[in-house]
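J.: If you want the building blocks of each chain, they are given just below.
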Amino acid sequence: MEATVTTANNEKTWGGGHEIQPLGASYGKMMMWFFIVSDALTFSGFLAAYGFSRFKFIETWPLADEVFTHFPFMHGVSAPMYYVALMTFILIFSSVTMVLAVDAGHQLKKTKVAIYMFLTIIGGIIFVGSQAWEWKNFIKGEYGAVETVGGSLLQFVDKDGKRVALEEFAVKLPNQPQELTRSKGKWFMESAETVPTYSVAEIQAGFKAHPELLVRTEHLTAEKKKTVLTREESEARLSQAKYVVEGANLTRNEYGSKLFADFFFFITGFHGFHVFSGIIINIIIFFNVLVGTYEKRRSYEMVEKVGLYWHFVDLVWVFVFTVFYLV
Amino acid sequence: MSHEHVSNAKRIWFVFGLLSLITTVEVILGIIKPGVLEFNHFVGLNLLNWIFYILTIVKAYYIVWAFMHMEGEKSSLRWSVVSPVIFLVLYLLFILLTEGHYIYGVFKDSTIKWNF
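Chains as they are written, first to last, in my numbering: chain A, 28 to 354; chain B, 46 to 161.
By construction, these hints were calculated from the structure, which means they are not laboratory data. On a predicted model such as this, the values are computed, not experimentally measured, just so you know. Mixed in with the good hints there might be a few duds.
[Stated by the list, open to error] Cross-link-like lysine-lysine pairs, in silico, DSS-like; alpha carbons within 30 Å at most:
id	chain 1	residue 1	chain 2	residue 2
1	A	Lys-251	B	Lys-153
2	A	Lys-136	B	Lys-78
3	A	Lys-56	A	Lys-269
4	A	Lys-251	A	Lys-235
5	A	Lys-136	A	Lys-189
6	B	Lys-78	A	Lys-252
7	B	Lys-119	A	Lys-139
8	A	Lys-139	A	Lys-323
9	A	Lys-323	B	Lys-78
10	A	Lys-186	B	Lys-78
11	B	Lys-78	A	Lys-332
12	A	Lys-252	A	Lys-235
13	A	Lys-56	A	Lys-163
14	B	Lys-78	A	Lys-163
15	A	Lys-167	B	Lys-78
16	A	Lys-189	B	Lys-78
17	B	Lys-78	A	Lys-251
18	B	Lys-78	A	Lys-253
19	A	Lys-189	A	Lys-137
20	A	Lys-139	B	Lys-55
21	A	Lys-251	A	Lys-269
22	A	Lys-269	B	Lys-153
23	B	Lys-55	A	Lys-136
24	A	Lys-253	A	Lys-167
25	A	Lys-137	B	Lys-119
26	A	Lys-252	B	Lys-153
27	B	Lys-55	A	Lys-323
28	B	Lys-119	A	Lys-56
29	A	Lys-186	A	Lys-137
30	B	Lys-153	A	Lys-137
31	B	Lys-55	A	Lys-56
32	A	Lys-139	A	Lys-332
33	A	Lys-253	B	Lys-119
34	A	Lys-189	B	Lys-153
35	B	Lys-119	A	Lys-332
[To be verified] Pair by pair, the computed Cβ-Cβ distance ranges are:
id	chain 1	residue 1	chain 2	residue 2	range
36	B	Ile-77	A	Asp-187	18 to 26 Å
37	A	Lys-269	B	Ser-125	36 to 44 Å
38	A	Asp-187	B	Ser-120	58 to 66 Å
39	B	Val-70	A	Asp-187	27 to 35 Å
40	A	Glu-86	B	Trp-58	43 to 51 Å
Just so you know, even glycine gets a beta-carbon here, dropped at the ideal spot from N, CA and C.
Isolated chain B, as found in the complex (with noise of 0.2 Å):
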């Protein structure tokens, strides 16, 4: 961990620059939410929230290694922090949703309708 004491700063307004850039873009597409991207799926998915699910994504990364610092880390305490925590989150979503749906074509084409 040899933290060369140079300042910073010029990189960190680039992140914040970027963050924004996202975060206005990511406001502007769902605020006119074009039906090109709505309504058109790529694996089970609409366009629009693809987009928005990698915006996402990207800006945890910026995060994480630029504010965080994690590109100043060692990559054995990298993979230690970061492999966990992406292999648990796909994990989990994927129980969870695939449950979620089969809950849903219950309620849909079975007489059950409790909403629990």
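Isolated chain A (complex conformation) (with noise of 0.2 Å):
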């Protein structure tokens, strides 16, 4: 264990002597060159697996410019990827303060290093509640759809092809199942499954009394876009639904493929542990420097290292971004 001994003049050597650099780098940097060997090889597993699904269902996948179109502030309108490449640029610029600090380090300006330092957690801590607010956007979903004894996804549209939301259309009918609360049933009675807000017969009978609506399929064309079925088809593949879907969860979701769900909670959920978690050391060291423990060191090297680990989170992202939102 003597390798892992960091006294207070001596941070930078191995155990047997100061000559001893096996690869030109200390011990602690190297060690986390390895874990981030690993951990890329995590995310490229999951990236990968991604892709298989992906290249699995490459005719009903979901269109990314369709799910992703929200941006603060701005109801009703249609923004795709602009909030995702904000995020973008926030997480690169944080990259950016945290190498001006590892700058610093090296010249030993405390103050400055601290300074970056900070801007860097503030950065990670907008990125991170970007994050949650995508989330909570892509969760709450936004037309609603309905789901078939065969498993496929019916979404609508009028005449245009522009998408109509449920509640745009559907009926209220009497006797309905209804979501069972405390004030109406007994404690063990709870329902397993959240009820949506319409049921089947509600939506179906909502469609028939709309005649200019019409079924879009998962089915993409050769011009990408979802196939839009005729008046006939649309009544005819309607009259199979069993599920009306709003939002996404685990089991099911409003956008298509099931796993398209799946593997957007599991990955960017996955990326956003591993900001939460840089974050937390960013403090940690953040701390260490303000109370000068690298000062008396007279070696930053400990923020190079999670410097090396911050930089690993925004490189993921760049991955991320492109199969998920781009491609």
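Two chains, two frames, a set of hints: combine them into the complex.
T.: Laid out in structure tokens, this is it:
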């Protein structure tokens, strides 16, 4: 365990003497690099699994720019990608402040290191907050859809192909299933699943009452648009409806393939967890800088090591951004 | 590992500008989706996606080389970190994407319609 000992003035040495430095790196830095290698392979595994599932359902995969269309304070405006681009800029910028902190550390400028680390932490917090907001919109959903007995998803459009939300045409019928609440039911009668706002029968009745509506399936055409059925086909498909889907959870989602939401939650969640732990580690090192731990050591290598982790988190986001939002 | 203790600030800001520029280009292309790029294929992948993947690799290169300061490390460390990742990722992608494509064919051409 000698190698892990860091004393006040020889943080960068291995056990065995001053000249011994395998690969020209200190013990801590080399271990951080190899941790990053293993973590990079973990993320590669997730992203490759995403690619695998997407290739399986290549003709029915949801279109990202129809799913992520929200921007803060712009209700009802379709703004594909702007928000996630903003998040990317925030993360890149917090990477810049991190590398500036490392740079200031090389020159042993304590105040500068502290300021840049503080900015990095703020950037990280904004990013995680943005991700939470993105998740909220994803879970809440926008238009709603219907799932058939065969597991296909049907969405609703008007004559021009514009998406129509369920509440715009569904009718209220009497005696539909209602969610049991404590005020209405006995405590042991709580239903396992949340009951959607509308039942299948209400959607079907509403569809019948609006002859201008059409059904859109998950299938992509040669122009990479979703297939819109004729009115007769629409009615036939809708008669096989089984569930009303609003928003997204791990079982089903209104955007399309069930696996799409699963991978979205898992991969962005795992990345968000990395950002979160990066923030915590940065805060610890930030306080160490403030109390002068590294000033006493005459070495800010610890800042460099957390910097490596932080940049790695940014690196992963670059790939997540490409495969989830662009391709 | 001779860290010359001069400031790298200029290079850092240059890389920041470059990464921002690449991201902006990606977003613009992602919103416009020019038909010329989207519907012309090269080795099974459309040109737009080629551009996205290449720009992603360029960004990754600059993050690792400039921000993580890989360019200042010994080449032995560089190779022992980068080469296993590149090899294993390419291998994994090849295996899984081939298999995914095969299962797509099974779903399409036979009666199996099991959504798993």
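J.: If a hint holds in the structure, say so; if it doesn't, say that too.
T.: Cross-check of the supplied hints:
1. The straight-line distance between the Cα atoms of Lys-251(A) and Lys-153(B) is roughly 18 Å, inside the 30 Å bound, and the hint therefore holds.
2. Distance check on the hinted pair: Lys-136(A) and Lys-78(B) sit about 47 Å apart at the alpha-carbon level, beyond 30 Å; violated.
3. About 56 Å separates the Cα atoms of Lys-56(A) and Lys-269(A), which puts this hinted pair outside 30 Å; it is violated.
4. As the CA atoms of Lys-251(A) and Lys-235(A) are separated by approximately 29 Å, the hinted pair is consistent with the 30 Å bound.
5. Annotation: proposed proximity of Lys-136(A) to Lys-189(A) is violated, straight-line Cα distance about 58 Å (limit 30 Å).
6. About 13 Å separates the Cα atoms of Lys-78(B) and Lys-252(A), which keeps this hinted pair within 30 Å; it holds.
7. For the hint linking Lys-119(B) to Lys-139(A), the alpha-carbon distance of about 28 Å falls within 30 Å, and the restraint holds.
8. The hinted pair formed by Lys-139(A) and Lys-323(A) meets the criterion: a straight-line CA distance of about 16 Å does not exceed 30 Å.
9. Using a Cα cut-off of 30 Å, the hinted pair Lys-323(A) and Lys-78(B) is violated, with the two alpha carbons roughly 55 Å apart.
10. The suggested pairing of Lys-186(A) with Lys-78(B) holds, with an alpha-carbon distance near 24 Å, which does not exceed 30 Å.
11. Distance check on the hinted pair: Lys-78(B) and Lys-332(A) sit about 40 Å apart at the alpha-carbon level, beyond 30 Å; violated.
12. With a CA separation close to 25 Å, the supplied pair Lys-252(A) and Lys-235(A) stays within the 30 Å bound.
13. For the suggested pair Lys-56(A) and Lys-163(A), the alpha carbons sit about 38 Å apart, so the restraint of at most 30 Å is broken.
14. For a cut-off of 30 Å, the pair hint linking Lys-78(B) to Lys-163(A) stands: about 27 Å separates their Cα positions.
15. With a C-alpha separation of about 28 Å, the suggested pair Lys-167(A) and Lys-78(B) falls inside the 30 Å cut-off, and the hint holds.
16. For the hint pairing Lys-189(A) with Lys-78(B), the CA-to-CA distance comes to about 19 Å; that is within 30 Å, so the pair holds.
17. About 11 Å separates the Cα atoms of Lys-78(B) and Lys-251(A), which keeps this hinted pair within 30 Å; it holds.
18. Between Lys-78(B) and Lys-253(A) the alpha-carbon distance is near 16 Å, which keeps this suggested pair within the 30 Å criterion.
19. A distance of roughly 57 Å separates the Cα atoms of Lys-189(A) and Lys-137(A); the hinted pair therefore is violated under the 30 Å criterion.
20. Taking the CA atoms of Lys-139(A) and Lys-55(B), the gap is near 16 Å; set against the 30 Å cutoff, the hint holds.
21. For a cut-off of 30 Å, the pair hint linking Lys-251(A) to Lys-269(A) stands: about 27 Å separates their Cα positions.
22. The suggested pairing of Lys-269(A) with Lys-153(B) holds, with an alpha-carbon distance near 24 Å, which does not exceed 30 Å.
23. Under the criterion of a C-alpha separation no larger than 30 Å, the hint pairing Lys-55(B) with Lys-136(A) is consistent with the structure, at around 17 Å.
24. Taken as a hint, the Lys-253(A) and Lys-167(A) pair is honoured in the structure, with Cα atoms around 22 Å apart against an allowance of 30 Å.
25. Taking the CA atoms of Lys-137(A) and Lys-119(B), the gap is about 28 Å. The hint holds against a cut of 30 Å.
26. Between Lys-252(A) and Lys-153(B) the CA atoms are separated by roughly 19 Å; this keeps the pair inside 30 Å, and the hint holds.
27. At roughly 28 Å between alpha-carbon atoms, Lys-55(B) and Lys-323(A) fall within 30 Å of each other, so this suggested pair holds.
28. Among the hinted pairs, Lys-119(B) with Lys-56(A) is consistent with the structure: their alpha-carbon atoms are about 13 Å apart, no more than 30 Å.
29. Under the criterion of a C-alpha separation no larger than 30 Å, the hint pairing Lys-186(A) with Lys-137(A) is inconsistent with the structure, at around 64 Å.
30. A threshold of 30 Å between alpha carbons decides the hint, and for Lys-153(B) with Lys-137(A) the separation of about 63 Å lies outside it, so the pair is violated.
31. For the proposed pair Lys-55(B) and Lys-56(A), the alpha carbon gap of about 24 Å is at most 30 Å, so the pair holds.
32. Proximity of Lys-139(A) to Lys-332(A) is assessed by CA-CA distance (about 17 Å); at most 30 Å being required, the pair is judged to hold.
33. Taken as a hint, the Lys-253(A) and Lys-119(B) pair is broken in the structure, with Cα atoms around 51 Å apart against an allowance of 30 Å.
34. For the suggested pair Lys-189(A) and Lys-153(B), the alpha carbons sit about 29 Å apart, so the restraint of at most 30 Å is met.
35. Simply put, Lys-119(B) and Lys-332(A) have alpha-carbon atoms about 17 Å apart, close enough for the 30 Å limit, and the pair holds.
36. At roughly 21 Å, the beta carbons of Ile-77(B) and Asp-187(A) sit within the given window of 18 to 26 Å.
37. A hinted range of 36 to 44 Å is violated for the C-beta pair Lys-269(A) and Ser-125(B), which are about 54 Å apart.
38. At roughly 59 Å, the beta carbons of Asp-187(A) and Ser-120(B) sit within the given window of 58 to 66 Å.
39. Evaluation of the 27 to 35 Å hint for Val-70(B) and Asp-187(A) yields a pass: the beta carbon distance comes to about 31 Å.
40. In this structure the hint that Glu-86(A) and Trp-58(B) lie 43 to 51 Å apart at CB holds, the actual value being about 45 Å.
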